[in-house]
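From first to last, the protein sequence lines stand for chains A and B.
For reference, each letter of the first sequence is one residue, going 1 to 116 in the numbering used here.
For reference, each letter of the second sequence is one residue, going 117 to 230 in the numbering used here.
Treat the hints as calculated values from the structure; they're not laboratory data.
Check the hints yourself; a few may be wrong.
Which bits of chain A does chain B cover? Going by a derived footprint, with three or more residues having C-beta under 8 Å, they are [stated by the list, open to error]:
id, segment
1, 52-66
2, 104-113
One-sided excerpt, in silico: chain B residues whose CB lies under 8 Å from chain A [unchecked claim]:
id, residue
3, E130
4, L161
5, T218
6, G224
Per label pair, the in silico range of CB-to-CB distance [as the list claims (entries may be wrong)]:
id, chain 1, residue 1, chain 2, residue 2, range
7, B, Q133, A, P79, 48 to 58 Å
8, B, Q133, A, K69, 46 to 56 Å
9, B, G158, A, E64, 20 to 30 Å
Bear in mind the structure is a predicted one, so any value in this text is a computation, not a measurement.
Beta carbons are placed, not taken as given, at the ideal position from N, Cα and C, and that holds for glycine.
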Amino acid sequence: AQSVTQLGSHVSVSEGALVLLRCNYSSSVPPYLFWYVQYPNQGLQLLLKYTSAATLVKGINGFEAEFKKSETSFHLTKPSAHMSDAAEYFCAVSATPGESNYQLIWGAGTKLIIKP
Amino acid sequence: DAGVIQSPRHEVTEMGQEVTLRCKPISGHDYLFWYRQTMMRGLELLIYFNNNVPIDDSGMPEDRFSAKMPNASFSTLKIQPSEPRDSAVYFCASSFRSSGNTIYFGEGSWLTVV
Numbered sequence: 001a002q003s004v005t006q007l008g009s010h011v012s013v014s015e016g017a018l019v020l021l022r023c024n025y026s027s028s029v030p031p032y033l034f035w036y037v038q039y040p041n042q043g044l045q046l047l048l049k050y051t052s053a054a055t056l057v058k059g060i061n062g063f064e065a066e067f068k069k070s071e072t073s074f075h076l077t078k079p080s081a082h083m084s085d086a087a088e089y090f091c092a093v094s095a096t097p098g099e100s101n102y103q104l105i106w107g108a109g110t111k112l113i114i115k116p
Numbered sequence: 117d118a119g120v121i122q123s124p125r126h127e128v129t130e131m132g133q134e135v136t137l138r139c140k141p142i143s144g145h146d147y148l149f150w151y152r153q154t155m156m157r158g159l160e161l162l163i164y165f166n167n168n169v170p171i172d173d174s175g176m177p178e179d180r181f182s183a184k185m186p187n188a189s190f191s192t193l194k195i196q197p198s199e200p201r202d203s204a205v206y207f208c209a210s211s212f213r214s215s216g217n218t219i220y221f222g223e224g225s226w227l228t229v230v
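For reference, chain A alone in the conformation it holds in the complex:
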């Protein structure tokens, strides 16, 4: 069965520093991969998604993620953190590798804390 692991329930970075949020999935076939962001008291919003096109995916708000098949990873990065990036970030993978299946398997989430 598919699974998603997000390393670190909380990540703290200084404003202006690099943001790196880690996500690893279990699959031998590249699935669909997603990053969602949840701001306080709001629903989840799509940041970016990988659908077997370019391995480097650019999203909203300056975030990007790189799909690495050999490492089964899909880490999220942003070169310079902003206070407004403080939120919880979720990595998700489609439940059935390689198919357009509408169930997503979710990671546990990583809370990003931005220090002034």
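Take the given structure of chain A and dock chain B to it, following the hints.
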């Protein structure tokens, strides 16, 4: 375009009462999902519909929970009777086949059972 609309946004109810959460998906979407989010269990898929038909309800915690989708623009999630452990944020989300699995979430219904 209007997003997924949920109501109520906040509800406080007493144990044993019936709770009804409502959702209007994005127009044209053919998949609808109900999720529950808690600190302890994270994000859980409760049930999802395709073209108004329930496809997988294996995530519904017990018989006290039920969900319906009478038409393409409306769904309900009912809890009867409610218990304090049902306190959570309930999200409705929708998607359509051409979106490549992208799911669009509502703002959530914050339920507190006392």
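Against the structure, the hints:
1. 52-66: violated (count 0)
2. 104-113: holds (count 4)
3. E130: Hint on B/E130: violated, closest Cβ of chain A at ~24 Å, above 8 Å.
4. L161: holds, 7 Å
5. T218: Constraint on B/T218 satisfied, holds at 6 Å.
6. G224: holds, 5 Å
7. B/Q133 / A/P79: 48 to 58 Å: holds, 50 Å
8. B/Q133 / A/K69: 46 to 56 Å: holds, 50 Å
9. B/G158 / A/E64: 20 to 30 Å: Holds - the Cβ-Cβ distance for B/G158 and A/E64, about 25 Å, lies within 20 to 30 Å.
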